[in-house]
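S.K.: Residues per chain, in single letters:
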Amino acid sequence: MIVPTEWVLMLSAVLFAIGVVGVLVRRNVIVIFMAIELMLNAVNLSFVALARSRGAVDGQVVVFFVMTVAAAEAAVGLAIIIASFRNRTTVNADELALLRG
Amino acid sequence: MGMGAALFLVLAVLTVVSALGVVLHPNPVKSALALIVTLFLLAVVFVLLEAHMIAALQIIVYAGAIMVLFLFVIMLLNLQSEDPERGRRRFVLRGLAWAGGVLLAVELALLTRGAPVGRPGAAPEGYGTAQSVAQSLFTDFLLPFELTSILLLVAVVGAVVLAQKQRRPTIS
Chain Y
0 MIVPTEWVLM
10 LSAVLFAIGV
20 VGVLVRRNVI
30 VIFMAIELML
40 NAVNLSFVAL
50 ARSRGAVDGQ
60 VVVFFVMTVA
70 AAEAAVGLAI
80 IIASFRNRTT
90 VNADELALLR
100 G
Chain W
0 MGMGAALFLV
10 LAVLTVVSAL
20 GVVLHPNPVK
30 SALALIVTLF
40 LLAVVFVLLE
50 AHMIAALQII
60 VYAGAIMVLF
70 LFVIMLLNLQ
80 SEDPERGRRR
90 FVLRGLAWAG
100 GVLLAVELAL
110 LTRGAPVGRP
120 GAAPEGYGTA
130 QSVAQSLFTD
140 FLLPFELTSI
150 LLLVAVVGAV
160 VLAQKQRRPT
170 IS
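Those protein sequences? They're chains Y and W, same order as listed.
Read in numbering that gives the first Met the number 0, the first sequence has 22 at position 23, and its numbers run on one by one without any break.
Read in numbering that gives the first Met the number 0, the second sequence has 7 at position 8, and its numbers run on one by one without any break.
Any given hint could turn out to be false.
Which chain W residues face chain Y? A few, computed with CB under 10 angstroms, are given here [claimed, not checked]: (1) P25; (2) L48; (3) G86; (4) V91; (5) L95.
Just so you know, these hints were derived from the structure itself, not from any lab.
Backbone N, C-alpha and C define an ideal beta-carbon position, used for all residues, glycine too.
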């Protein structure tokens, strides 16, 4: 089945922008984290689309690596969230302002 | 318009709607569920793009493992819905963020219009199967693949160290 590559890239652009807005407007750290996952997926989508248009599988291998890094990032990030929740009993990004000068 | 293109349009609309659900829903559990739906829909798009192996990985790794981790943490922390914060300043900031997001989407979409991507022809035989992806992974990308295992090991150790209870240093 043939899908025009430009359409897929546009969907990817829209998903990425939604992820950016999610990071900006939400205050729950976990939801911000999910918005980041959404952005990673948008980029994966454009990798797959461009691999398809070139007829090479290299782009799909890169997606494989992005998934691995995302898994590692999720594990470490959620551990950090749990640790900070234990100390501050909040996951609100506005209240986690320890580094503010 | 071919069948693939029509199917893609339907999937694209559903994906954008569920992605907006992730960002807009005040309850973090519902946000996570919307993200799972988004990931499944993206897996279907991957199948449309002949990336069968990646589609399977997307469901197993993302929708399976990573999202279960998210839901687990949300339940562990017993999170409630975000109360919608009132206030003029917050409202203005929120509006600015949305305007910036729309601008970013339009700009990225415009950037792709001039790209020499063309219309893909028929995929080569066996394209996107586990065999062809593995062939590339274990020859051209062998070094990054091995480095990835180290990265995962570091992540596992880091997560265990971060999540364990803080121990008081003992005086010997």
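S.K.: Would the hint on P25 (chain W) stand, with a C-beta cut-off of 10 angstroms toward chain Y?
M.R.: Holds. Min distance 9 angstroms.
S.K.: Take the shortest C-beta to C-beta distance between L95 (chain W) and chain Y; is it under 10 angstroms?
M.R.: L95 (chain W) check passes; min Cβ-Cβ to chain Y is 8 angstroms, inside 10 angstroms.
S.K.: Against chain Y, is G86 (chain W) within 10 angstroms by beta-carbon distance?
M.R.: Not OK, violated: G86 (chain W) not within 10 angstroms of chain Y, min 12 angstroms.
S.K.: Can V91 (chain W) be said to touch chain Y, with a Cβ gap under 10 angstroms?
M.R.: Violated, about 12 angstroms.
S.K.: Return the status of the interface hint for L48 (chain W): holds when the least beta-carbon distance to chain Y is below 10 angstroms, violated otherwise.
M.R.: holds, 5 angstroms
In this structure, the earlier hints numbered 3, 4 are contradicted, and the remaining ones agree with it.
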